[in-house]
Amino acid sequence: MKILTSLLFILAFVHSAWATPELVKEKACGQCHRFTPDQPEGNIKGPDLFYAGNKLRKEWLMNYLQKPEPIRQAGYITDPGFLKAEPEIAVPHPSLNEEEAKKMADYLSSLKFADLPEGVVDSEPLSKGKRVRTKIKFERSYGCSSCHQTINLAGKIRGGVSGPSLVDAGNRLQADWVFHWLTQQKKFQKKTRMPVFQLEKDVVILLTKYIMSMKKENLK
Amino acid sequence: MKSYFCKTAHLIKIALGFLLIAFALVACGESPSKQNTAEKPPTAVVPAPTASAPEPQPVSRVTEATKQTYQWYCAQCHGIKGKGDGINARLLPVLPRDHTKASYLESRSDDQLFLAIKSGGLSVGRAPCMPAWGHTLDDDTIHSLVRYIRELCECEGA
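Chains A and B, in that order, give the protein sequences.
Under my numbering, the first residue of the first sequence is numbered 1, with each subsequent residue one higher.
Under my numbering, the first residue of the second sequence is numbered 1, with each subsequent residue one higher.
Worth double-checking, as some hints may not be accurate.
Unchecked claim - Partner residues aside, some chain B positions facing chain A, computed with beta carbon under 8 Å:
hint, residue
1, A75
2, I80
3, M130
Hints in this document: simulated from the structure, not taken from any laboratory.
For every residue, glycine included, the Cβ atom is placed at its ideal position computed from N, Cα and C.
Pulled out of the complex, with its shape left as it was, chain A reads as follows (with noise of 0.2 Å):
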């Protein structure tokens, strides 16, 4: 009896594991988005999802998944309409229903490169003297804006739109993942957008925590 349950149990798991990756085959992902870094970057239509435990938040994935609104505006990078903000590709993304969500919102979440340090950005939010500052660097220094949409001081979304929207990054994204794409953005990807930045770790997490500040229930 012991030694059924046992293998009931391992069934149940083996089941889940096999199931999901499925779901995935089922809604046909892979037609867009590489689940390994093995596959080559010039195929790719939307965004890796091999690191996407590391990346996005569960809830935020949840949510996405059921009711998703658009990213990125000109479409993914690689999209032969991008230049010209006429995605061909993928839009709107297919939405899934709450089960088939939550089964691949755990999926996701477990796809993690194991050898990123976890813990590197403190929990404790910019001052407002600080996030005043850490928002001219992010405009001014860096011309983060010219590209990526954020939420300005008075609430109002401002910037560009060929880099992906910032302004839900806090409840989308997970810090020390903003952090690392800042430090070693080639660990992830080889061929970007954006300009490769060399900053001083203390920078980094100004940034990152003023990135992590943006959230759509801040818009006035």
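Could you slot chain B onto chain A? The hints should help.
Positioned in the frame of chain A, the structure of chain B alone reads:
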């Protein structure tokens, strides 16, 4: 007396706070009219040649790779044909440079264009919307982009 000093210090703090916020609100660049008047003379940006100045860079060639680099990075703001009408253009406080407009570009030296690409707009006294590409593109690629901009504007620079 003490309270007078405290009050004055408090007023100074408030004034500084306003100044900081005003500066922050200017965001990525000045207004176009201010940009024109605030332009620094070329000598303030590019040091005058000295006895120890490096040899002039060889003129890089424009290749298919140069054009692809322009389309991949620059066209986001400067547009597919370099007319300053990329997808970000209308959302910026300062319009990206129109690379087909000789009237402006013939007043800029190749060194100034090189520095603007490598170290960003602020480094040559222009709009900060233009980020620094020096850690993304090598010097040869940036030199070839300068040549490509010269082709687009059909104008020469020193």
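Results for each hint:
A distance limit of 8 Å between C-beta atoms decides the matter here; for B/A75 the minimum to chain A is near 5 Å, and the interface restraint holds. Below 8 Å, beta-carbon pairs count as interface contacts, and B/I80 has one with chain A at about 5 Å; its hint therefore holds. At about 6 Å, the closest approach between the beta carbon of B/M130 and any beta carbon in chain A falls short of 8 Å, and the interface hint on this residue holds.
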